[in-house]
Amino acid sequence: MTSNSSLFQRTKVRVTDTVQATVPTDRVIQGVGLAQKAKRLAGLETPLVFTEEPIPDPADVPLEEIDVSNPFMNRQGQWYPYFARLREEAPVHYQPKSPFGPFWSITRYADIQAVDSNAEVFSAEPFIVLGPPPFNAEMFIAMDPPKHDVQRRAVQGVVAPKNLKEMESLIRERVQDVLDNLPTDRPFDWVERVSKEITGRMLATLLDFPFEQRHKLTYWSDTISGSADATGGTTHQDELFPAAVDLARNFTALWHDKAARRAAGEPDGFDLITLMQTSEDTKDLIKKPFEFLGNLTLLIVGGNDTTRNSMSGGVLALNRFPDEFEKLKADPKLIPNMVSEIIRWQTPLAYMRRVAKKDVYFGGQFIRKGDVVLMWYVSGNRDERKFENADDFVIDRKNARNHMSFGFGVHRCMGNRLAEMQLRILWEELLERFDRIDVVGEPGYVQSNFVKGYSDMQVQLTPKPVREQTPVRVEATSGA
Amino acid sequence: MGTITFVEHDGTPHQVELEDGTSLMELATNNGVPGIDGDCGGEASCGTCHVMVDDAWIATTGTRTELESQMVEMSPECGPNSRLACQLRATPALDGLTVHLPEFQM
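Quick note, the sequences are listed as chains P and H, same order. Each residue of the first sequence is one higher than the one before, counting from 1168 in the numbering used here. Each residue of the second sequence is one higher than the one before, counting from 161 in the numbering used here.
What the hints contain is simulated information worked out from the structure, not anything from laboratory work. Hints should not be assumed to be uniformly reliable.
[To be verified] Within a straight-line C-alpha distance of at most 16 Å, the following computed EDC-like cross-link-like pairs (lysine to aspartate or glutamate) qualify:
#1 Lys1329(P) x Glu237(H)
#2 Lys1206(P) x Asp1405(P)
#3 Lys1631(P) x Glu1599(P)
#4 Lys1329(P) x Glu263(H)
#5 Lys1314(P) x Glu233(H)
#6 Lys1553(P) x Glu233(H)
In isolation and in its complexed conformation, chain H is listed as follows (with noise of 0.2 Å):
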């Protein structure tokens, strides 16, 4: 289906296989990607799957839903690129997608 890019802070890349209908935490977690906590289970209750998608991309993925503002707007780090990537459903649309990892997940 093709696959999505983790960027963590430091500039590493991690490539992923993107599976449909998989979140973007479950796709990071389920890989070891690091910086990607997902602690809530992917229920938008704990922030820490904070990702920041590229500026290429935004129009494609869509800004954040009320329910995401509400946790990722803690971070210090939000950016009007910020998501929760519990959230955001892996979809064959998405093949090719980069997203960057804040310094830190809350």
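Isolated chain P (complex conformation) (with noise of 0.2 Å):
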């Protein structure tokens, strides 16, 4: 069937290649930031500036009015209260307009499971944060079947299991590092000197990036993510681009930087850019440098603040509940449950955005086809219909591994046992050293309708006697 929209597409498709093989890439993105800044300068374009206000408390507020896009939500502490509100009042819940457009809100853990199953009708396309990126990487998280698959499965060997059980000796290196360099006389930002600091290594791991130059990768993933037109965040589109324009470039250079050195005999290693190299179905995917960019980016923001908020929630976790802590040391096999129970006490990421692809009843409600919805994943890891005392931290809590903090179907989290390897490692190498560990004062939460975080925390240690430090090593669950 050759309609004029299919030769449009095919043209369209033939022109970005075209574009993709002869136009370097990061000029293609600095040409994009320009013209971006050109729009706004000329008035055409607004993006969009947050201010933060006190948050009335759910019940003062009507509830066709409730807008949980809020960007300041978790800072006051009001995400629970209004979600426990639409759970039980509207558990399928419009807002009409919202600085973003208008929204539907998923709050039930059943609900929220089924749409997220649901490819054919909640589509993940064009991207999953609530608003506008940047500009459009290629990533597959924001793509649906039969594409995404492919594409998914091009890079998931880098975090598979088996790749893991190869990391894992080189993880806990850095964590000991880490952890023995750490202050015991004062209080300190574990945000930056533990959680930023061992996510950080780990990914120039995976990339097999410049070490020293680790801290780029958590810079373009934080200034990417808190983009405020996509997730309510406070960087600067003067700043994105440029963020963006360095990100191709390394990246890039990463690629031939490695594909030289393999070709003079170096060993292949664990990292992504060599299993792309060695697979089949990717080793020319420089050629296709936006799908390059777009996957490497994904990994590098997939495997940042999430990982990061849940190293940080784990300690907070355990000061707001402190028996758990006492039960912990009691008996460190509880080490990988905990570690599910954290990461669904913190669920680092509050929601996905899926499209409706075509008008559906769901929850008594009439959902149009083009109709944005929002998991809301932050409220259904504290809905009471599934989690009993949904609201507290239980390390031994039965069902701590239904939590859907990695999503359900297709687009389930791939580097989920990344996670939770890096947690257990932790926390094994926490237990050996230190008797407490104390949050001092409030932690400072960041501004994100998307990233459930924490911009800063501080913490005071104390050490085990030193005769009292044995290795605490657990066995994982049937992942690493």
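Starting from two chains that each stand alone, build the complex the way the hints lay out.
Here it is as structure tokens:
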């Protein structure tokens, strides 16, 4: 069938492929950035800016006016009470005019699971954050099958449990090094010195990125996911595009550098670029630079603040529920289950976005084709219908592994075993060294409706007497 | 009603009593069989209850549905007899069934 629209599609693909193959990627991104800036200066586009104001209690807001896309909800501790009200009174809730446009909120565990598992009706395209990201990266998290499957399969080897076994001892070494260099005589920022540092090291390992420049991976990732238009964050567009250009240049160089080293006889490692270069499906991925960059970006973003905020969140949870810390110290074999409970309690990414591909009745509501639908994992993970005393942190909770922080269905987090492994190793090494891990004061919270995170957290450590410091090693579950 | 056997990747067998109508995933998790997680609670939406049905039994159980395929085919260990245990219901006809577990669940 040769309709006008399919001719247009084919032409578009041909042009895109040609551009990708001939114009250096960083120049393309630079071009997009300049075009956006021009639009802004001409008053044709107004980026969103958010100013914090006190959020009223949910009982004081008419149901139809409730807007949970406010990026200050987490900071003000208001998300939980708002979602409790929505779960009870309007589990499929429509907000007609948020700063990001209209959207549906799905807030009960069972309903979220149903939407997440139904990629035929609820599409992940064109993007999975609430508002438009600054440029259209080709990431498989925002693709539907069958294209999604091809792309995911191409890279999943890097975080497959088999590969994780190879990485475990290196990751452990790096965790040990971080922990052995922490001050124990005064409080320090856990987010900076532990969570960000360990996560940054892991990302550099995953990509075989120059270790001394690892902070760039964290910076690029934070900058991209901090777009105000996308998630209510604080990244200005003028910062965003230079970061994206830098990322494109560095990742392109990384590919060519690795190819040259392998050609010179360097033995194959377990990093992502090596895996791509040694697999039939992806050995020429550099010729599709936007696909290459998109998937690399996805991996650094996916593995960055999620793991970081779980590392910080676990410390906070054990402080808020001190009996659980005693339980943990008495029985370190609870570490793997605690890791799942940490990930549930924290829910590092508050939601994922979908678009209805057709009209559908759901939860007594009529969702129209094209409507934006948000699956609020942060709400589902606190749904009393699924988790008894859902707001409590219980390290031996029987159904902790049923949490939805990794999502469900074809997009279920590819890095989930890597995340679990890092957290397990962290807590094994922490329990070996420290008797107390005390949060001092209140943590700072990230401004975002997407990333549920900590900007800073002061912690004071009390080491165990050296003679009591024996290695803690526990059996992982069936992943890594 | 009979028993089925889950064989871990290292060859360790675990024999479990069949309970009519229960899924094989629930049978495994209720009986502490290591190597099956069932993270989504049995909705074919996590892929962590991957099992490989023995050749002698695949005609009885049948091969996987499309619903199972979209999850289990993401695993590098997926083979022709791969199924999601949460979609296999225990019946008397499965008495004596053996399934193998992959090295890893995704």
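So, going through the hints one by one against the coordinates:
{"no.": "1", "hint": "Lys1329(P) x Glu237(H)", "result": "holds, 11 Å"}
{"no.": "2", "hint": "Lys1206(P) x Asp1405(P)", "result": "holds, 13 Å"}
{"no.": "3", "hint": "Lys1631(P) x Glu1599(P)", "result": "holds, 8 Å"}
{"no.": "4", "hint": "Lys1329(P) x Glu263(H)", "result": "holds, 8 Å"}
{"no.": "5", "hint": "Lys1314(P) x Glu233(H)", "result": "holds, 14 Å"}
{"no.": "6", "hint": "Lys1553(P) x Glu233(H)", "result": "violated, 28 Å"}
Of the numbered hints stated above, the single one contradicted by the structure is hint 6.
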